[in-house]
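Those sequence lines, one after another, are chains F and V.
Per the UniProt record's numbering, the very first residue in the first sequence carries number 1; after that it's consecutive.
Per the UniProt record's numbering, the very first residue in the second sequence carries number 1; after that it's consecutive.
One or more of the hints may lead you astray.
Said to hold, decoys possible - Now the in silico label distances, taken between C-beta atoms and shown as ranges:
1) V:Gly382 x F:Ala308: 28 to 34 Å
2) V:Leu137 x F:Pro394: 55 to 61 Å
3) V:Pro394 x F:Ala322: 37 to 43 Å
4) V:Met298 x F:Gly276: 26 to 32 Å
To be verified - Over 12 Å on every C-beta distance to chain F, these chain V residues come out as not near it, computed from the model:
5) Gln179
6) Cys303
7) Ala309
8) Tyr413
Don't read these hints as lab results, they were simulated from the structure.
Beta carbons: idealized from backbone N, C-alpha and C, even for Gly.
2 protein chains.
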Amino acid sequence: MRAPLDMSAFAELQGLLDKLAVFGAEAGGGVTRLLYTEPWRAAQLFLEERMRAAGLETRFDRAGNLYGRLLGADPAAPVVLTGSHVDTVRSGGRYDGAYGIAAGLLAVAALKRTCGAPLRTLEVVSLCEEEGSRFPLAYWGSGNATGVYGLEDGAGIADADGITLAEAMREAGFGLEAQTPCLRRDIGAFVELHIEQGIALERSGRRIGLVEAIVGQRRYAVTLTGASNHAGTTPMSMRADALAGAAEMLALLETRAKAAGDPLVATAGRLEAMPGTPNVIPGEVRFTLDIRHDEDAMLESFCRDTLAAFAAIARRRGLGFASRIWLASKPVPMDGGLTGLLERACLARAYSSRRMVSGAGHDAQLFAAVCPAAMLFVPSRGGVSHSPDEYSAPLHLQEGAAVLADCLYELTYGQEWQR
Amino acid sequence: MRAPLDMSAFAELQGLLDKLAVFGAEAGGGVTRLLYTEPWRAAQLFLEERMRAAGLETRFDRAGNLYGRLLGADPAAPVVLTGSHVDTVRSGGRYDGAYGIAAGLLAVAALKRTCGAPLRTLEVVSLCEEEGSRFPLAYWGSGNATGVYGLEDGAGIADADGITLAEAMREAGFGLEAQTPCLRRDIGAFVELHIEQGIALERSGRRIGLVEAIVGQRRYAVTLTGASNHAGTTPMSMRADALAGAAEMLALLETRAKAAGDPLVATAGRLEAMPGTPNVIPGEVRFTLDIRHDEDAMLESFCRDTLAAFAAIARRRGLGFASRIWLASKPVPMDGGLTGLLERACLARAYSSRRMVSGAGHDAQLFAAVCPAAMLFVPSRGGVSHSPDEYSAPLHLQEGAAVLADCLYELTYGQEWQR
Chain F
1 MRAPLDMSAF
11 AELQGLLDKL
21 AVFGAEAGGG
31 VTRLLYTEPW
41 RAAQLFLEER
51 MRAAGLETRF
61 DRAGNLYGRL
71 LGADPAAPVV
81 LTGSHVDTVR
91 SGGRYDGAYG
101 IAAGLLAVAA
111 LKRTCGAPLR
121 TLEVVSLCEE
131 EGSRFPLAYW
141 GSGNATGVYG
151 LEDGAGIADA
161 DGITLAEAMR
171 EAGFGLEAQT
181 PCLRRDIGAF
191 VELHIEQGIA
201 LERSGRRIGL
211 VEAIVGQRRY
221 AVTLTGASNH
231 AGTTPMSMRA
241 DALAGAAEML
251 ALLETRAKAA
261 GDPLVATAGR
271 LEAMPGTPNV
281 IPGEVRFTLD
291 IRHDEDAMLE
301 SFCRDTLAAF
311 AAIARRRGLG
321 FASRIWLASK
331 PVPMDGGLTG
341 LLERACLARA
351 YSSRRMVSGA
361 GHDAQLFAAV
371 CPAAMLFVPS
381 RGGVSHSPDE
391 YSAPLHLQEG
401 AAVLADCLYE
411 LTYGQEWQR
Chain V
1 MRAPLDMSAF
11 AELQGLLDKL
21 AVFGAEAGGG
31 VTRLLYTEPW
41 RAAQLFLEER
51 MRAAGLETRF
61 DRAGNLYGRL
71 LGADPAAPVV
81 LTGSHVDTVR
91 SGGRYDGAYG
101 IAAGLLAVAA
111 LKRTCGAPLR
121 TLEVVSLCEE
131 EGSRFPLAYW
141 GSGNATGVYG
151 LEDGAGIADA
161 DGITLAEAMR
171 EAGFGLEAQT
181 PCLRRDIGAF
191 VELHIEQGIA
201 LERSGRRIGL
211 VEAIVGQRRY
221 AVTLTGASNH
231 AGTTPMSMRA
241 DALAGAAEML
251 ALLETRAKAA
261 GDPLVATAGR
271 LEAMPGTPNV
281 IPGEVRFTLD
291 IRHDEDAMLE
301 SFCRDTLAAF
311 AAIARRRGLG
321 FASRIWLASK
331 PVPMDGGLTG
341 LLERACLARA
351 YSSRRMVSGA
361 GHDAQLFAAV
371 CPAAMLFVPS
381 RGGVSHSPDE
391 YSAPLHLQEG
401 AAVLADCLYE
411 LTYGQEWQR
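Using the sequences and the hints given, assemble the complete structure.
Below is the structure:
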């Protein structure tokens, strides 16, 4: 249940994260490492070198996912995979994604050093892309590894400069026939270690988050159409003020979301009021909705009832109402067996833990479609992420890595699992 | 009480408005005639020609206000002035401002034709600017005529191209020593005929609006500061969502404004939410408030109480709150004697009328500081103005002109007034 490693195995974790943060470092302390850019390429080559130095067998697949392999005694047994993504958002932090790769690499290296070859093959992966920050598409790395995407999907998607994903991939030296195909059919388990990016662990004083499910998400674009009119000569009773209607809707959204309770979250992140002139009543308002829950039925009913309530508000106010769904992902439960394994590892080390729902999407949800998948979180200071201020304490980072190592040890050296 | 004119005196009113609309005409039917531009200049020269043709003595003052004078038997008696502004907003209509000039010109011309010289001097004015559409300053014409502005105020104010008001004035041929000074000390009454720009007359089925007061206005810029955070990983209870706070404030604003009753109007015309990303909780929101009422005490208490309620909402939500006032004008009552004269003229012609408050600002409020001033409105179809769709029916336009003529007749030919 517990890997025969002491914490010195993870002593260099913070140093490794600091080195990774050099690739794409910005003056203000942020890191920008977008898919297929030079900082991205340099980070992957650096990681390849570190994997090799640890005695792992490395390879890039055609999409640019980097694997480091520790061959098991039974090469036909399903592979146990850990890792996360190497790309960042613009002006992101040094932990989101990078932590799961660095900790996985150190765990696999330490297991090799201490225990030699495992029964089952163990791999660490530095997935090429998860954030969707350069191209309007997320999970390019895990999506290609799990067959959700094929490389041909990169042809029609361009970045802000008009460069297609396919072009950028070729320029970075990928997408070649000679390279390993992306699709993995040999994975038996995927375990991803990540920073929480929320404040639940910090607030509850727990050290490890055990992810039971990754929320489903729905995103809508809502348009309200009223009548743009003179702010001075139009009495309150004769207005069709699209912004006043939006205000009533957003107040209701918040009330309904709070009433639904955790883990439901509902956010209007973008709102535009037209024409946007101080002395003109807004005739049109567009806003977005981002609604998440870990139960599909709850998500469905909340969205349906909220939009129906919005439509009723619009009708009463004489406003035109249109909503369009532009993103819908179902909730993804993590594997109960793997999560139980992680929980027992926390108990054995006497680390406090809590089961929780991930409100953010992760690569693990892609792997969950093709193999048992699990995730564990460590605390994010202040719940801040996607920011230069992203921070997790070195001790927390090492504890997460130790629990990951315990789990990987059980899965690849243990006699019990998946016989 | 009634001018000895039949309605044929105003038969060419629509034609004159159509001709004026040629200056600055746009493909889509709108009119853009900004201060000191070529269309503006052409319109003023056209009007000067029409005034001369009617036998009026014309002159431009240094700011570009155009006067047409019908000299009275007593040249020392205070002058009776009518008119409005010749400039438009961008893509405005053909009635706002232009109507008051055209109708005034036809009324004065008809009175001269029919009645000869009046007892007191009667003038029609085409004021150079009211809208503030080119330069960030409104009432340049009436402001200079009444001493609120001096020409030197044009030096520090530039349009979007960086051209100062003073430069534009000189390029249009004004601002010269040789020209008539702007300030009028000889005006005994100002009567302005205008389209309503609101829907009150149309809704109530009345033909003439008698303006009792022009509202006071206050405009504020409000900034709310919360915490921008991940829309998925931040529970509802741990948010400082600036947009949710703004929604609660705007809902309250509307409720309070409706409760206050007409003529109070309150509008948030512009709202920006930052960073404006669908999956990020807005950390900052800026919005504007435009609040109007015809009683200064009511305006003051409504603004004070509303901002206090906003501040309380912000405190409860843990949001930073700042408000800045950037425009404040007091309500301006119109002259009761002149308004009574207009009301009696409506009665004599059996035109239905209603007393009302002007929710928009007008040149009459500048003149009200230096002489008795009055305004009358005719219906605007659908309450639409500042738009190519601005429209008032020819019959309504003629009726307004007839009431204006009656009033001017009484003021300048009558034995009773201002002896």
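Right, here's what the structure says about each hint:
1. Checked against the given bound of 28 to 34 Å, the beta carbons of Gly382 (chain V) and Ala308 (chain F), roughly 31 Å apart, stay inside it.
2. Between Leu137 (chain V) and Pro394 (chain F), the C-beta spacing of about 60 Å keeps the proposed range 55 to 61 Å intact.
3. Checked against the hint of 37 to 43 Å, the pair Pro394 (chain V) and Ala322 (chain F) passes, with Cβ atoms roughly 38 Å apart.
4. Separation of Met298 (chain V) from Gly276 (chain F) is about 28 Å and conforms to the stated range, judged on CB atoms against 26 to 32 Å.
5. At roughly 33 Å from the closest C-beta of chain F, the C-beta of Gln179 (chain V) stays outside 12 Å, upholding its exclusion from the interface.
6. Non-interface call for Cys303 (chain V) relative to chain F: holds, since the shortest CB-CB distance, roughly 15 Å, exceeds 12 Å.
7. Against chain F, the non-interface label of Ala309 (chain V) holds: every CB pair exceeds 12 Å, the least being about 14 Å.
8. With a least beta-carbon separation of about 33 Å from chain F, Tyr413 (chain V) lies farther than 12 Å from that chain, consistent with its non-interface assignment.
Against the hints set out earlier in the document, no violation occurs for any number.
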